[in-house]
Amino acid sequence: MLQQIIALLIIIYFISRLIKEKNNQEINNKEFAVWLIFWLSGAAAIILIKQIDRLVNWLGFSGSGINFLIYLAVIALFYLVFKLRLRLAKLDSDLTTMTRHVALDNKK
Amino acid sequence: MKISCVLPALNEEKNITTVISSLRPYVHEIIVVDDGSTDSTAQLAAQSGAIVIKHPINRGQGAALETGDNYALKNGADLVIHFDADGQFLATEIPELIEPILKNQADIVFGSRFLSKKTAFPFGKKYIIMPLAKFFTRFFLGIKLSDPQSGLRALSRVALKTITINNQGMAHASEIQIKAFQNKLRVVEVPITVIYQDFGQKLSGGFRIIRDLLINKLIK
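Here the protein sequences come in this chain order: A and B. Our numbering numbers the first residue of the first sequence as 1 and each following residue consecutively. Our numbering numbers the first residue of the second sequence as 1 and each following residue consecutively.
Some clues are possibly wrong.
Label-pair distances were calculated between CB atoms; the ranges are [as the list claims (entries may be wrong)]:
#1 A:ILE49 <-> B:PRO131: 51 to 57 Å
#2 B:THR38 <-> A:ILE12: 34 to 40 Å
#3 B:ASP78 <-> A:LEU95: 30 to 36 Å
#4 A:LEU95 <-> B:THR38: 17 to 23 Å
#5 A:ARG85 <-> B:PRO131: 28 to 34 Å
#6 B:GLY49 <-> A:MET98: 52 to 58 Å
#7 B:GLY49 <-> A:PHE32: 54 to 60 Å
#8 A:ARG85 <-> B:TYR127: 51 to 57 Å
#9 A:LEU95 <-> B:PHE207: 21 to 27 Å
#10 A:LEU88 <-> B:LEU115: 25 to 31 Å
#11 A:ILE5 <-> B:ARG208: 57 to 63 Å
If you're looking for bench data, these hints aren't it; they were derived computationally from the structure. Cβ coordinates follow ideal geometry from the N, Cα and C atoms, glycine included.
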């Protein structure tokens with residue numbers, strides 16, 4: 001119970017920061033929505049941990065609900081790292097295009 | 001027919017003058033793309049009479065080749081040769097390399113280290129890395145060429161206009177071969193000699209090439 005309260009307090013802290021960033025226009029509506037859904041899902045998972053335990057058992061997994069959430073989090077993290085890698089590659093490619101323009105313009 | 005040679009160079013002050021001198025009898029212009037060198041490569045190349053284009057920062061061999069190709073195309077090149085600045089290729093083999101294009105038998109000519117017995121390969125490269133690279137390009141990319149990673153090639157103006165190099169690093173060699181076949185260009189291979197200054201690409205470099213090809217496909 002105490003662990004759940006601590007986890008919820010941490011999530012409330014992150015949501016408050018998210019709202020502050022939105023008010024300061026540091027993030028756009030889409031980013032705000034994605035992160036809000038992310039943190040609210042986390043809060044829901046913490047509140048409904050018993051129900052998730054039952055769901056995981058019903059699905060036939062041997063671990064507890066919290067283990068299942070950790071597996072999901074690891075999968076999500078892998079996906080985010082992959083997306084980040086693609087974004088970096090795109091930025092790298094854009095940097096090359098700019099470098100080429102500068103080099104060819106200097107040659108004119 | 002205007003023949004240009006594109007020479008990507010990174011910190012090649014030891015070799016650049018010799019390489020440019022060796023190329024001069026065979027081409028009309030030599031375009032050195034200095035890829036962010038910190039030594040005097042660019043100055044020496046300019047003193048040797050080459051056209052020097054400077055990348056302010058290092059972007060990789062593939063990026064430098066594409067910059068050189070863009071310049072050559074804009075300046076009316078009919079045929080472009082990709083050559084290395086480290087002295088591993090022989091300029092004396094250029095006439096054989098460009099002959100199929102001059103005779104209108106090919107749009108792109110790849111030099112192959114495997115059609116000739118002249119190249120002294122390091123053992124690991126000959127018996128491990130190259131067979132693996134050949135297997136990959138043959139079965140996964142459908143390219144049936146004897147040399148999957150040759151850096152010496154000649155491109156007609158048609159090929160230059162058709163092929164844009166997107167891979168900045170060493171994956172450009174495979175990318176050019178893939179695009180040559182995808183665009184149904186007339187492809188010819190000719191034997192070349194390579195003088196290895198060092199081991200060159202290692203097995204890890206091969207994996208990096210596969211990774212770069214995949215990532216480049218995904219960001220398009």
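Verification of the hints:
| no. | hint | verdict |
| --- | --- | --- |
| 1 | A:ILE49 <-> B:PRO131: 51 to 57 Å | 54 Å, holds |
| 2 | B:THR38 <-> A:ILE12: 34 to 40 Å | 52 Å, violated |
| 3 | B:ASP78 <-> A:LEU95: 30 to 36 Å | 31 Å, holds |
| 4 | A:LEU95 <-> B:THR38: 17 to 23 Å | 19 Å, holds |
| 5 | A:ARG85 <-> B:PRO131: 28 to 34 Å | 29 Å, holds |
| 6 | B:GLY49 <-> A:MET98: 52 to 58 Å | 29 Å, violated |
| 7 | B:GLY49 <-> A:PHE32: 54 to 60 Å | 59 Å, holds |
| 8 | A:ARG85 <-> B:TYR127: 51 to 57 Å | 33 Å, violated |
| 9 | A:LEU95 <-> B:PHE207: 21 to 27 Å | 23 Å, holds |
| 10 | A:LEU88 <-> B:LEU115: 25 to 31 Å | 39 Å, violated |
| 11 | A:ILE5 <-> B:ARG208: 57 to 63 Å | 48 Å, violated |
The structure shown violates the earlier hints numbered 2, 6, 8, 10, 11.
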